[in-house]
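K.L.:
Chain residues, written in single-letter form:
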Amino acid sequence: MATQVVMPKLSPTMEEGQLTRWLKNEGDKVSVGEPLAEIDTDKATMEAQALTTGVLRKILVQAGATVPLGQIIAIIGEADEDISTFTAQAESGAAAAANKQNIEAKVESGQDGAQQELAQVVADGARTQATIAGQPLKGDVGGQPTASPVQVQPASTDKAQTELQTAQHAEGGNGQRTGGRIIVSPLAARMAAEAGINLQTLAGSGPGGRIVKRDIEEAIKAGGQQSAQAQAPTVQPTAEPRTQQPAQAFQQAKVEGASPFRDAPVTTMRATIARRLTSSIGPVPHFFLTTEIEMDGVAELRRKFNEQDKENKISVNDIIIKVAAVALVRHPQVNASFQEKVVRYYERADIGVAVAIEDGLITPVVRAAETKTIGAISREVRQLAERARNRKLQPDEYTGATFSISNLGMLGIDEFTAVINPPEAAILAVGAMGPKPVVREGEIVVRQLMRVTMSCDHRVIDGATGAKFLQTFKQLLENPLLLLL
Amino acid sequence: MSELKVKPLKPRGAGAEAAGAGVATETAEPDVINPDELGEEHRERQQRQRTAIGSLERATLLDMLYQMMHIRHFEEKAAEAYTLGKIGGFCHLYIGQEAVAVGSIAALNHDDYVMTSYRDHGHALARGTPADEVMAELFGKAGGCSAGKGGSMHMFDRDNYFLGGHGIVGGQIPLATGVAFAAKYKSTGQVSVVYFGEAAVNQGAFHESLNMAQLWQLPCIYICENNQYGMGTALKRAMSLSDVSQKACAYGMAAEFVDGMDVLAVYEATKRAVDRARNEELPTLIEVRTYRFMGHSMSDPGNYRTRAEIEKYQERDPIKVFADSLKQQNMLDDAALKEIAERVNAEIDQAVKFADTSPEPAPEELYTNVYANPIKQ
Amino acid sequence: MSVITIREALNQALREELGRDENVFLMGEEVGAYQGAYKVSKGLLDEFGDKRVIDSPITELGFAGLGVGAAMAGLRPVIEFMTFNFSILATDQIINSAAKMLYMSGGQFKIPIVFRGPNGSAYQVSSQHSQALESWYAHFPGLKVVMPSTPADAKGLLKSAIRDDDPVIFLEQERMYGMKGEVPDDPDFLVPLGVAEVKREGKDATIVARSMTVPLALKAAEELEKQGVSVEVIDPRTIRPLDIATIIKSVQKTNRVVIAEESHAFCGVGAELSAQIMERAFDYLDAPVKRISGVDTPMPYAKNLEKLALPDVERIIAAVREVAYL
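Protein chains in written order, with the numbering used here: chain A, 1 to 485; chain B, 1 to 377; chain C, 1 to 326.
Calculated directly from the structure, the hints in this document are not laboratory data. Note that the Cβ used here is the ideal one computed from N, Cα and C, for glycine as well. Possibly wrong hints are sitting among the right ones.
[Claimed, not checked] Listed next, the in silico EDC-like pairs over lysine to aspartate or glutamate satisfying Cα-Cα at most 16 Å (straight line):
1) A:K29 x B:D324
2) A:K474 x A:E294
3) B:K186 x C:D50
4) B:K186 x C:D92
5) B:K186 x C:D283
[As the list claims (entries may be wrong)] Take a look, some chain C residues computed to stay more than 12 Å from chain B by CB distance:
6) F25
7) Y123
8) V295
9) T297
10) A302
11) V313
The shape of chain A in the complex, shown without the other chains:
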């Protein structure tokens, strides 16, 4: 029976081999142990020996070629045997793939696999999780200590561990306030946390001013007790168990005035979507949704506004900002951000407005735009744009948006796509508004039309989610009176 000769694994670390020279020709007799070919491995040039006796019927890989382990390089069989099924198999690549998979699976389970198993056996789940959680979260803008490893650590029933965490918080709290490091023995730190003693108030009696057990004991004796709650209020939220429900309370952002948010864990499906799409295009997998909107109502509204207040004229863009904000609050899935371990949903719509400035672009933020009047938005945008052009913006004013709008309509662009500003999940590209013929009730009429394209982060927003948002957005723009509802 014919046998396939595969690129052999000739060393424990070999992954591919170069077939430098065939030592036998097709039709030559070969016997077990006879050298067939010379192969360059990662270690040395070696002879691939025949592992079976017969005739070298077919050479499938020519000298000089480098092929992965497991690839069929030749067929050995009886002189008159039909080897067509073998050659077909070899050419289809199926057998090679299977061999390679076999070899790789083996290599994996022998190395990484074993380590994983070891980790499973050795480490308790909590420790493994903590290690994972201990990695910094990418794109974590505006997060407060909520993303710290301690907080993400699964709730532990181990009393000692809880105590340890408390002690760390107490110490960290002081360190933050003073900007310096408090030297304290591990025991004293724990005792202080338990007794609610502010380490800041103590002078250590140990070497180098280290606060030690007796210092805490004395402080307790002296009645220097202090409420732990009063001492470290910011620590409190972190001690609460995190729930996965969207109903969970919103948390304060780090950026002054930025929207509060709530974090929902990334589901397995969401994580899979994120991983697959990311590997497909760039770190943020974009997709684009375009819609055409009749802007006659908006144009009319604007005209009336501006008739009322000639000093403070509003732009179409101001209305778009307001409408987007209202739509965002109705579609929280779009007012969101992918945070690797969680999907972050924002309470408010903080709209970044792209402003072109000399040599660049900046997106000042209109906070809680859904709560503001169009007039107020208009004034704010004007001020922000001016400050932007003068390069006077403070970081708080251009970071921490939940959604962005880029409008190139005034530059005569009909339609374009914009690139998402991470960690936001979407950006809306607004084109020029202008009169166009459309068919309405069988009649050709002229309408003010505008095309918008929303770029979405597919890790957070799926097609239908984005489409529904745009539906609302379009409906509001086409019937601006609905804003009053």
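Got chain A sorted already, so can you dock chains B and C onto it with the hints?
P.N.:
This is chains B and C only, laid out in the frame that chain A set:
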């Protein structure tokens, strides 16, 4: 000068003079054999075998042939599995040396102890460990004879008195000496046989062991499988006195020098050593001149010896030589040979299948067998 | 109860176990006719004969390996190294054969063997004959490592070691062979392997000591008592497996630890103890763990230098005062 019980002997095979009557001689040049002499040597070997064949049962002879073919095919399949990545780490093949394990183990009782180096697949098989279990051990599976914890170099089989393959060159020699010590201590009549390569002879462990074994008259048989290369270093480049059997002189120990391509010569020499061990509680050093056809391990570039040299030895393939002799004596015909080959093929195919399907050791096995009496902390 | 020396206690243990089990034999250099280089095997050859008490050639690798092989075939060898300095020649058989045989044979071959002899510093014999090797052997899973510090422990632990089915490294101390103490007369008196003993109770600091440093630690504790410091002294007795629970319990009580050992500090048993205490009782520690070890040099010959190279009561007292912030 103290008496030497036995002097080192000249190279010999089956049918040669009885042990103890030999004369110390210079032995033949071991490594280069004139191709013109090959025919003559081949004829001599077969002549010897024909003589020896007459003294054994046909069933015994055919079983020896079967075992050699069994080991050969097992190793071929192991090599194939290694190239496919199913076997990890080191893999030292026994191809070419089959006559040594098969011939010597055929001379033992079932409860005699056997211990060897890391080139141990053949010895385990010859000792009776099922090919299934040896292959599964190579594959790192729970069904392996060492439960997947030993691998290629550490086959163990308590039921077959196979005390393992050992990974440190020469490390098994004192161990086997201790096994012989225990057999004598308990007066069980068992014999301890230990195999090692010629390179192990340079280790202190070899000399320390031979000294104790002769001093305390232990029933231990030291079989040096001289395949002429310690990894890639030829014997003569590593040993001042390259006639291994003469080393026994220093300890007053009996010694023999045997043709390792002749399974019956190995059998008979071992038989004499076994008798000496069982009846007189005396050790023996047997040097078996053999040759490995494959590399030291699967990652051996083989650049230290010529193809011509390997081919020369393949002409003396112990299986071929023995089969030819059996045929000449009308003990074997082509049909019977084919039958053995088919049986062997089926058994080894089954072994691969068994190894493939045997489960991996459970993760918790990582922590078992560290201690016989574990103490929980 | 009788008051006897550690030497006599070990001799009793060997005599009792040789008498109890025919499979036990004692082999080593000068264990027979010479009656033992340190007289531990005194009288045993006469009592049990040369089949059971065997003088070996000076061939440490050889007879260590012979012992392991004999254990594979069902005997229970007690292999004496005249001193553990010479065991270095036999480490291949101890570590590669004895420690790993059960594991790599998938549980088929246990190795019930005891390697015993004096370990640690001796009197003015310079570098090659005066060193502590417990860290070497304790490093390897598969071995058990025992270090008695009293006659009772010496006897009870050696008997347990001989009856144990695993290879045991039994480390005696040359300077301590003459130390006296009470030993129960009961021939079935055993001290289990893997159990530490609180040699003295205290509440301000814990000294973890072994072998030769146990009497030093007890003396230091006595002195410190006079200074108003209450010290707990723990002897793990078995280094591997280590009874860490007893040590942690003590640390949780006293919050301060001094480790006293005559071996080198670097990569030593003290370093392991320190790491485990940090891992398991970090927030019970009021001070860093302090080690008092043999100095980081080979052992000198000169008497004054030799004294400086080893831990003493004064250094242990100073260390306790340091961790107790006194």
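K.L.:
Now, for every hint given, state plainly whether the structure supports it.
P.N.:
Each hint, compared with the structure:
no.	hint	result
1	A:K29 x B:D324	violated, 22 Å
2	A:K474 x A:E294	holds, 8 Å
3	B:K186 x C:D50	holds, 14 Å
4	B:K186 x C:D92	violated, 27 Å
5	B:K186 x C:D283	violated, 57 Å
6	F25	violated, 7 Å
7	Y123	holds, 31 Å
8	V295	holds, 31 Å
9	T297	holds, 30 Å
10	A302	holds, 34 Å
11	V313	holds, 31 Å
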